[in-house]
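**Q** Given chain A's structure and the hints, the job is docking chain B onto it.
First to last, the sequence lines map onto chains A and B.
Position 87 of the first sequence, counting from 1, maps to 87 under full-length UniProt numbering, and the rest follow consecutively.
Position 265 of the second sequence, counting from 1, maps to 265 under full-length UniProt numbering, and the rest follow consecutively.
Derived from the structure by calculation, the hints contain no laboratory data.
Only a predicted model underlies this, so the values are computations on that prediction, with no experimental measurement involved.
Cβ atoms here follow ideal geometry from the backbone N, Cα and C, with glycine treated the same way.
Keep in mind that the hints are not guaranteed to be accurate.
Derived DEER-like restraints, expressed as beta-carbon distance ranges [stated by the list, open to error]:
1) A:100 / B:433: 34 to 40 Å
2) A:23 / B:300: 46 to 52 Å
3) B:440 / A:22: 27 to 33 Å
4) A:224 / B:386: 29 to 35 Å
5) B:287 / A:23: 41 to 47 Å
6) B:287 / A:86: 23 to 29 Å
7) A:53 / B:273: 53 to 59 Å
To give an idea of the chain A side of the interface with chain B (calculated C-beta under 7 Å), a few residues [said to hold, decoys possible]:
8) 51
9) 196
10) 368
11) 371
12) 375
13) 389
14) 401
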Amino acid sequence: MTENNFWLKKIEISVSEAEKRTGRNAMNMQETYTAYLIETRSVDHTDGQSVLTDSLWRRYSEFELLRNYLLVYYPHVVVPPLPEKRAEFVWHKLSADNMDPDFVERRRIGLENFLLRVASHPILCRDKIFYLFLTQEGNWKETVNETGFQLKADSRLKALNATFRVKNPDKRFTELKHYSDELQSVISHLLRVRARVADRLYGVYKVHGNYGRVFSEWSAIEKEMGDGLQSAGHHMDVYASSIDDILEDEEHYADQLKEYLFYAEALRAVCRKHELMQYDLEMAAQDLASKKQQCEELATGTVRTFSLKGMTTKLFGQETPEQREARIKVLEEQINEGEQQLKSKNLEGREFVKNAWADIERFKEQKNHDLKEALISYAVMQISMCKKGIQVWTNAKECFSKM
Amino acid sequence: MEGERRAPRARSCGLPAGGAPAPSPGVDAPVPGRSGPPALPRAEVLDLDEDEDDLEVFSKDASLMDMNSFSPMMPTSPLSMINQVKFEDEPDLKDLFITVDEPESHVTTIETFITYRIITKTSRGEFDSSEFEVRRRYQDFLWLKGKLEEAHPTLIIPPLPEKFIVKGMVERFNDDFIETRRKALHKFLNRIADHPTLTFNEDFKVFLTAQAWELSSHKKQGPGLLSRMGQTVRAVAMSMRGVKSRPEEFMEMNNFIEIFSQKINLIDKISQRIYKEEREYSDEMKEYGPIHVLWSASEEDLVDTLKGVASCIDKCCKATEKRMSGLSEALLPVVHEYVLYSEMLMGVMKRRDQIQAELDSKVEALTYKKADTDLLTEEIGKLEDKVECANNALKADWERWKHNMQNDIKSAFTDMAEENIHYYEQGFQHENRTRGLNEQKIKSGSGSCVPAISTLPFKTSTKKHAIPFFFFF
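Next up, chain A with everything else stripped away, as it sits in the complex (with noise of 0.2 Å):
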């Protein structure tokens, strides 16, 4: 199915706002929420400028839903995922509060990011369920409902505890599930202790401020060293307030340090995926060597595996041969309709470990250069950290020097 009409167009997608709403849930019980502006301009490849095409609100739930679907309809792809919903990872002063406007500040960016990851990616790009998501406010959620998707989903994915005993996994794809353990087990490690060290090195800031405030009231009664006092004490001020637009940044890069915690679940999501095909192969296949055999047991009259039938048989008399016969041309007609749904099973999950693994080697890719770019960024914090630490000092000393 190839379409002729497609048309190549610069787009710029961003969630510019956040509003506090109010509005009756399904309960019909007054709730409140917060919904994101998402405004899509499209840009003209000659000039540039950039025109504002659409705009409408959608809440998180609705991203989810969105996520979701995306999910059932591409189960080879590893799907971009969403923010945290509650705040996770959190030191004593930030809020675990949803509704505090740093934490939907934070909220609103990754929603973006989302959008624009699923934009940039290959596959997704083209879905029409994202692209109504952008374009068409009312009765999006029909539209997605209409498609049927909860049903499609298999609800064995969704039981994360579940273990199938596949006899032949694709190796690569048992290598890139511990992968992925790993690599959601060692970010929540690092997230849990800079956050435990945000903590601290916020105490460490903070307590010097009370410098300021001492120093202060002592240069009240000091003559000569009063000056001295009362400007070092500015610059302790300074400096205990320093921490705060650091931490903040801090914050960001604790964010995209999330997005990949949370995309080694994706990753384990198509994982689980091909188990359960080939969960589903290896079974089709063993129920058809069951029917084969049966069938020629019952057409030699060798009876080798054990059978309810064969035990009531022998119990309750011999079945007469038109019986036998009729159970054969049963039998017949099951291994047939197994041996085409085995093809096309193997078929299916041969297009899935070729699809899927096209789409982890370029995630791979995007994670490697992501990361890289994230921990430099890091440095590059550390390093304005230090300079502004050694500034804010050097002019304490200099006020010291001067007492």
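**A** Leaving out everything else, chain B in the frame of chain A:
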């Protein structure tokens, strides 16, 4: 004297040459109003060009680290102290050098205690020899202090370290405690040696030179315990009355002492708290670095970057440890000594008040009782002399003390600021190196087929990213 230099002018107005960005708004803005009215207007406090020409500034040169005898950094031998620099008010050459070292534990059936070795080197004639070595325990120091207070009730006697620290102190004899105490005792004796009056005190001489048994027998002389207790009771009663008629300058002094005491106590608490927070920060960092190394084990392409970050964090950890030790060597002991000094000062004020109260009560007696006027007048005459002596002694010592306090506080905080600057400079170098190494790698790495979404959208969402968008429908 050599060693007293001005701070280089260039540093007083500029930012470090490390390419620091334009000063933050806070540097040039006037100081916002503070709670509590200062006695003098504090305008233009950041105008760093107002350099007072006659203010001698000690430059922080590493080669002169153990400059003054008050430095508790190392038990420098008395001989090396001969080359030391002195404060302005000690124009005479030092002729008494004291070190306190070698704490030793002594166990008897009754008790366990620590003694410290005290070495004295002197060229003074009144000393029988030029070198002495004795061992003293804390009790002996207490005795000395008591005697000095007795002999010079209105002089500011240096403080002794506390008997024991109540909170967090399980064992009296743990190493840190002993070392801190040793340094404080060293400072105590040297401060006495540098004091123009106390240095010639007889009990001080005995303390430095007498053998153990000589000291014990010397101690037994002098007013007994009971009479001293009696004096204390009377003193307390008297001092209550003295407060009313305190002269103006001593009212000011008392006011200063009260506020100073409050503030220095707060500073002590703040400084201890900073130490604690830095310790906890360092502990967390110790766990933070290795996680990156662990991560690098499962990432082929990020090994160098992750290991780079890990090593940076480790270096930062070490730098923090150094910063902490700087704090505990330079700032904490000084601040704590002045906390003890402030308690000391309150005692001095009380004693001065008590002496005055004695006079006042006799004067009162004179106005009411007509009997024994001659005797009373004579006594009053003597007491007036006593009061005048005491007041003058205190006034002189007060000026000296304030001057020393200023210098000590200034140098302690300057050192702390220096430590912090050094800490951040280290951090800057390490992080810069890591960034440099890794940025090279990104440039030389293979071009990715990932569309140009950098991770920066997280930072500034105002950056719009134009993406080729294919519509198929």
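**Q** If you check each hint against the structure, which ones fail?
**A** When the structure is compared with the hints, numbers 3 and 8 turn out to be violated.
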